[in-house]
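Engineer: Residue strings, one per chain:
There are 4 protein chains.
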Amino acid sequence: MESFKNLKETCYAANMELPKLDLVVYTFGNVSVVDRKQGVFAIKPSGVPYETLRPADIVIVDFDSQVVEGSLRPSSDTKTHAFLYRHWEHIGGICHTHSTYSVAWAQSQQDIPVFGTTHADHMTQDIPCAPPMADHLIAGDYEHNTGQQILDCFHTKGLSYQEMEMVLIGNHGPFTWGKDAEKAVYNSRVLEEIAKMAYLTRQINPNAPRLKDALIQKHYERKHGSGAYYGQGC
Amino acid sequence: MESFKNLKETCYAANMELPKLDLVVYTFGNVSVVDRKQGVFAIKPSGVPYETLRPADIVIVDFDSQVVEGSLRPSSDTKTHAFLYRHWEHIGGICHTHSTYSVAWAQSQQDIPVFGTTHADHMTQDIPCAPPMADHLIAGDYEHNTGQQILDCFHTKGLSYQEMEMVLIGNHGPFTWGKDAEKAVYNSRVLEEIAKMAYLTRQINPNAPRLKDALIQKHYERKHGSGAYYGQGC
Amino acid sequence: MESFKNLKETCYAANMELPKLDLVVYTFGNVSVVDRKQGVFAIKPSGVPYETLRPADIVIVDFDSQVVEGSLRPSSDTKTHAFLYRHWEHIGGICHTHSTYSVAWAQSQQDIPVFGTTHADHMTQDIPCAPPMADHLIAGDYEHNTGQQILDCFHTKGLSYQEMEMVLIGNHGPFTWGKDAEKAVYNSRVLEEIAKMAYLTRQINPNAPRLKDALIQKHYERKHGSGAYYGQGC
Amino acid sequence: MESFKNLKETCYAANMELPKLDLVVYTFGNVSVVDRKQGVFAIKPSGVPYETLRPADIVIVDFDSQVVEGSLRPSSDTKTHAFLYRHWEHIGGICHTHSTYSVAWAQSQQDIPVFGTTHADHMTQDIPCAPPMADHLIAGDYEHNTGQQILDCFHTKGLSYQEMEMVLIGNHGPFTWGKDAEKAVYNSRVLEEIAKMAYLTRQINPNAPRLKDALIQKHYERKHGSGAYYGQGC
Numbered sequence: 001m002e003s004f005k006n007l008k009e010t011c012y013a014a015n016m017e018l019p020k021l022d023l024v025v026y027t028f029g030n031v032s033v034v035d036r037k038q039g040v041f042a043i044k045p046s047g048v049p050y051e052t053l054r055p056a057d058i059v060i061v062d063f064d065s066q067v068v069e070g071s072l073r074p075s076s077d078t079k080t081h082a083f084l085y086r087h088w089e090h091i092g093g094i095c096h097t098h099s100t101y102s103v104a105w106a107q108s109q110q111d112i113p114v115f116g117t118t119h120a121d122h123m124t125q126d127i128p129c130a131p132p133m134a135d136h137l138i139a140g141d142y143e144h145n146t147g148q149q150i151l152d153c154f155h156t157k158g159l160s161y162q163e164m165e166m167v168l169i170g171n172h173g174p175f176t177w178g179k180d181a182e183k184a185v186y187n188s189r190v191l192e193e194i195a196k197m198a199y200l201t202r203q204i205n206p207n208a209p210r211l212k213d214a215l216i217q218k219h220y221e222r223k224h225g226s227g228a229y230y231g232q233g234c
Numbered sequence: 001m002e003s004f005k006n007l008k009e010t011c012y013a014a015n016m017e018l019p020k021l022d023l024v025v026y027t028f029g030n031v032s033v034v035d036r037k038q039g040v041f042a043i044k045p046s047g048v049p050y051e052t053l054r055p056a057d058i059v060i061v062d063f064d065s066q067v068v069e070g071s072l073r074p075s076s077d078t079k080t081h082a083f084l085y086r087h088w089e090h091i092g093g094i095c096h097t098h099s100t101y102s103v104a105w106a107q108s109q110q111d112i113p114v115f116g117t118t119h120a121d122h123m124t125q126d127i128p129c130a131p132p133m134a135d136h137l138i139a140g141d142y143e144h145n146t147g148q149q150i151l152d153c154f155h156t157k158g159l160s161y162q163e164m165e166m167v168l169i170g171n172h173g174p175f176t177w178g179k180d181a182e183k184a185v186y187n188s189r190v191l192e193e194i195a196k197m198a199y200l201t202r203q204i205n206p207n208a209p210r211l212k213d214a215l216i217q218k219h220y221e222r223k224h225g226s227g228a229y230y231g232q233g234c
Numbered sequence: 001m002e003s004f005k006n007l008k009e010t011c012y013a014a015n016m017e018l019p020k021l022d023l024v025v026y027t028f029g030n031v032s033v034v035d036r037k038q039g040v041f042a043i044k045p046s047g048v049p050y051e052t053l054r055p056a057d058i059v060i061v062d063f064d065s066q067v068v069e070g071s072l073r074p075s076s077d078t079k080t081h082a083f084l085y086r087h088w089e090h091i092g093g094i095c096h097t098h099s100t101y102s103v104a105w106a107q108s109q110q111d112i113p114v115f116g117t118t119h120a121d122h123m124t125q126d127i128p129c130a131p132p133m134a135d136h137l138i139a140g141d142y143e144h145n146t147g148q149q150i151l152d153c154f155h156t157k158g159l160s161y162q163e164m165e166m167v168l169i170g171n172h173g174p175f176t177w178g179k180d181a182e183k184a185v186y187n188s189r190v191l192e193e194i195a196k197m198a199y200l201t202r203q204i205n206p207n208a209p210r211l212k213d214a215l216i217q218k219h220y221e222r223k224h225g226s227g228a229y230y231g232q233g234c
Numbered sequence: 001m002e003s004f005k006n007l008k009e010t011c012y013a014a015n016m017e018l019p020k021l022d023l024v025v026y027t028f029g030n031v032s033v034v035d036r037k038q039g040v041f042a043i044k045p046s047g048v049p050y051e052t053l054r055p056a057d058i059v060i061v062d063f064d065s066q067v068v069e070g071s072l073r074p075s076s077d078t079k080t081h082a083f084l085y086r087h088w089e090h091i092g093g094i095c096h097t098h099s100t101y102s103v104a105w106a107q108s109q110q111d112i113p114v115f116g117t118t119h120a121d122h123m124t125q126d127i128p129c130a131p132p133m134a135d136h137l138i139a140g141d142y143e144h145n146t147g148q149q150i151l152d153c154f155h156t157k158g159l160s161y162q163e164m165e166m167v168l169i170g171n172h173g174p175f176t177w178g179k180d181a182e183k184a185v186y187n188s189r190v191l192e193e194i195a196k197m198a199y200l201t202r203q204i205n206p207n208a209p210r211l212k213d214a215l216i217q218k219h220y221e222r223k224h225g226s227g228a229y230y231g232q233g234c
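Chains as they are written, first to last, in full-length UniProt numbering: chain A, 1 to 234; chain B, 1 to 234; chain C, 1 to 234; chain D, 1 to 234.
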């Protein structure tokens, strides 16, 4: 039982960032963190408010979404997390919220255009909005199919999950991921800021152009390219 | 006098949530909680700021809005609360605020369309906006008639108060309710968030479609249906 | 020197409410409070940040805006305050801010329409926006003329300063007043909330109608009429 | 090594204002402060979060952007700061953020019109938005060229850096400056407020006129002119 203690604490800490960053109200969100050696991931229990959440409440499940340890039911979105961990071997954490501006874009069923360098500092493409699923998929294994929906969206648009670490599920909200849970949460916060900036930009100038290619490449490269000089290189 | 001590404290605690959740400024709101066995409900006194409100200030009134205990005048909206408790036997608490985005939709005299799963996680219908009352009803027993206005709106639209636990009063603001005062307050906070998301959605995409029926049903069922798997089932 | 101690402390306390209520950044605002028996009023010194303001910094000036006590220069808006105290004998405090939504309406040179009961709970008319002054008045005794501009606006629109306790100066921002400094600050906070609600209402429904007369009268009367039943009657 | 202790602490304190003023999330911003006698400036290290930043982390660089003292890599925007210090001899501090409303205007590629006295209290001109750079300049010495872009923008528009202490870089975000780091940060906060007010003004009234010249001059002169009577004259 002690073997998952660190995993639970990491998962707990990442979940507790969400209310601090104003990304959730009540129980509207969840973060998971994977341990690939043991073939499990830790995830928030379903419907438990952040104010009362404790590290011991975190649920350990395997990649088939079966509970390995924990007395509570895992997040209702667990199968979507499991699907992504199975298919994307380089991600270490996943975050899902209903943050306000990200949801507004998802409900608008529109990609978020790359309007500026705040966006380009993190990725070179528009943030994709996956279209709503067909009715038989919704009625079927819904959360599993949500994972498939994300994969299909990335395939159709030719996106790499290692370069684009976020997606909007049409009419639902954002999923983000990263090398660990902390990065997944960071990406949710960044997405919400970019979503708000893009919203305001469109309101001020409905014809605001996408950022020019040279600037997209420059800002992405200085932070993520082989000659990157942003950050401390660690 | 001691018999209502718990009822007052529950009512006090629920009222004090409103400023914490940024749903009120000054005295713009009130929560009540009912004790059906004793045929009374507890409600905030009128015009008392939250900063100075004490549990002993809470007023106990009967279903005819007559004061049973308390030295202060009850909320000016007391008759609306009494009306709803009389007609809807399964509700335990009622909350009224002037929260910003909910009021904006009420002033726009528009229902809030179900644009996404945040909405569908809580109800399957658009959030109704009751039309303004006829002049003779306004000039008459106004707060009583506001209760009637809510009932008429639910009748006209074929809504169930146990499934749709909120309403906008046209040009005024929201009333929400639930099995207890805590749930009523929760519904006010959720309504404000949904109202903001719907506002932003319309600004980004004036032609944003309502959520498709399959998704409405799926999200509502997974949280509230017989096979619900959201939350801890308690 | 001790004679103005209470007046200064009242003025200080009212000024310190402004940053708490998110109505000002840095030095963008000022509150004054009058002592009509002594023929003076207390006002915030010019350009002093709220973080470092002390009660002893408050300046006492007479109705000709001459400093009676205090080592600092009074607010640059002092002559506007003096003008209003001279002409409106029943006001006890005045508040001026550059709060965001109120300024946006002032910069739009539009009255704020009465869209709902939050507005009607406080006044029955649209909140007036005074037009910009003629150039020779701006170049002249500007702050004195700002007072005249307010008076002219109320005269032209047939408004009573005892019923409408707020105004927008076109392209500048709001002035509010009341029986004391606390009420003047309260009115600034209420104005900002009404300004935000009206902004959102127009965005959702550009054709949103003004509140019907019966509701305007009802809400105003229940709070301020001879048979008022809102509040504790004290 | 002790010679730069004060410079580092001043720079640290100014940087720490940014999260307090809600102008940055994570590492999205940087402030520098110059010591012209020693020919160096202090600047935030690149990619270090504000929560963990310490005074000792601040990097000292010369006007050629070479590190003079410090074990961390300086901000990726260091060359832009160096360029401005070299060309504008009267500035003592520079601040760069990605604050939300300022970025939205930058992404809209529009100057912020002077709509009111909040703006005119600080400057008489529209806040300029520098156009995006040519591709070969982006691919070249980008941060150096960003400085040149600012200079060219001021030259083209006939602006003085001592009167207009801020600029928007098209598609990127704001740079502000002043006599010291504290003033530079102050200008970033003021810019964000003006940007939000101007945004709201345009939404309420798409045809809102610029402030008339007489008011622009009056407000600027009473704060900055030879006969200024705003503030305490120190």
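Think of the hints as simulated: they come from the structure by calculation, not from any bench.
You may find that some hints are simply not true.
Note that the list lumps identical chains together, so a pair holds whenever it fits in one copy or between two copies.
What the hints assert, rightly or not - Once the Cα atoms are required to be at most 30 Å apart in a straight line, the calculated DSS-like pairs of lysine-lysine come out as:
hint: 1; residue 1: K79; residue 2: K212
hint: 2; residue 1: K79; residue 2: K223
hint: 3; residue 1: K20; residue 2: K157
hint: 4; residue 1: K157; residue 2: K179
hint: 5; residue 1: K37; residue 2: K212
hint: 6; residue 1: K212; residue 2: K223
hint: 7; residue 1: K20; residue 2: K212
hint: 8; residue 1: K79; residue 2: K20
hint: 9; residue 1: K8; residue 2: K157
hint: 10; residue 1: K157; residue 2: K5
hint: 11; residue 1: K5; residue 2: K212
hint: 12; residue 1: K179; residue 2: K212
hint: 13; residue 1: K157; residue 2: K212
hint: 14; residue 1: K212; residue 2: K8
Engineer: Under a CA distance limit of 30 Å, which applies to K5 and K212: within one copy, between copies, both, or neither?
Structural biologist: neither (47 Å within a copy, 42 Å between copies)
Engineer: With identical chains treated as interchangeable, where does the CA-CA distance between K179 and K212 reach 30 Å or less: within a copy, between copies, both, or neither?
Structural biologist: Answer is within: at 29 Å inside a copy they meet the 30 Å cutoff, but 34 Å across does not.
Engineer: When Cα atoms must be at most 30 Å apart, do K157 and K5 count as within-copy, between-copy, both, or neither?
Structural biologist: Neither: 39 Å inside a copy, 52 Å across copies.
Engineer: Between K8 and K157, at a C-alpha cutoff of 30 Å, which is it: within one copy, between copies, both, or neither?
Structural biologist: For K8 and K157, the Cα distance exceeds 30 Å both inside one copy (35 Å) and across copies (47 Å).
Engineer: Could you place K20 and K157 in one of the four classes (within, between, both, neither) given a Cα distance threshold of 30 Å?
Structural biologist: So K20 and K157 fail the 30 Å test inside a copy (33 Å) and across (39 Å) alike.
Engineer: Tell me, please, which holds for K157 and K212 at an alpha-carbon limit of 30 Å: within, between, both or neither?
Structural biologist: both (20 Å within a copy, 24 Å between copies)
Engineer: Between copies, within a copy, both or neither: which fits K20 and K212 at Cα up to 30 Å?
Structural biologist: Answer is neither: 35 Å inside a copy and 33 Å across each miss the 30 Å cutoff.
Engineer: If the cutoff is 30 Å on CA atoms, where do K79 and K212 land: within, between, both or neither? Let me know, please.
Structural biologist: Only across copies: K79 and K212 sit 22 Å apart there, 38 Å inside one copy, limit 30 Å.
Engineer: Indicate which option fits the pair K79, K223 if close means a Cα-Cα distance not exceeding 30 Å: within, between, both or neither.
Structural biologist: For K79 and K223, the Cα distance is within 30 Å only across copies (16 Å; inside one copy 33 Å).
Engineer: My question is about K157 and K179: at a cut-off of 30 Å on alpha-carbon distance, are they close within one copy, between copies, both, or neither?
Structural biologist: within (22 Å within a copy, 46 Å between copies)
Engineer: Give the relationship of K212 and K223 under a CA distance limit of 30 Å: within one copy only, between copies only, both, or neither.
Structural biologist: within (17 Å within a copy, 40 Å between copies)
Engineer: Taking 30 Å as the upper bound on the Cα-Cα distance, should K79 and K20 be classified as within, between, both, or neither?
Structural biologist: Within. Shortest intra-copy distance 26 Å satisfies the 30 Å Cα cut-off; inter-copy 34 Å does not.
Checked against the numbered hints above, the structure breaks hints 3, 5, 7, 9, 10, 11 and 14 and satisfies the rest.
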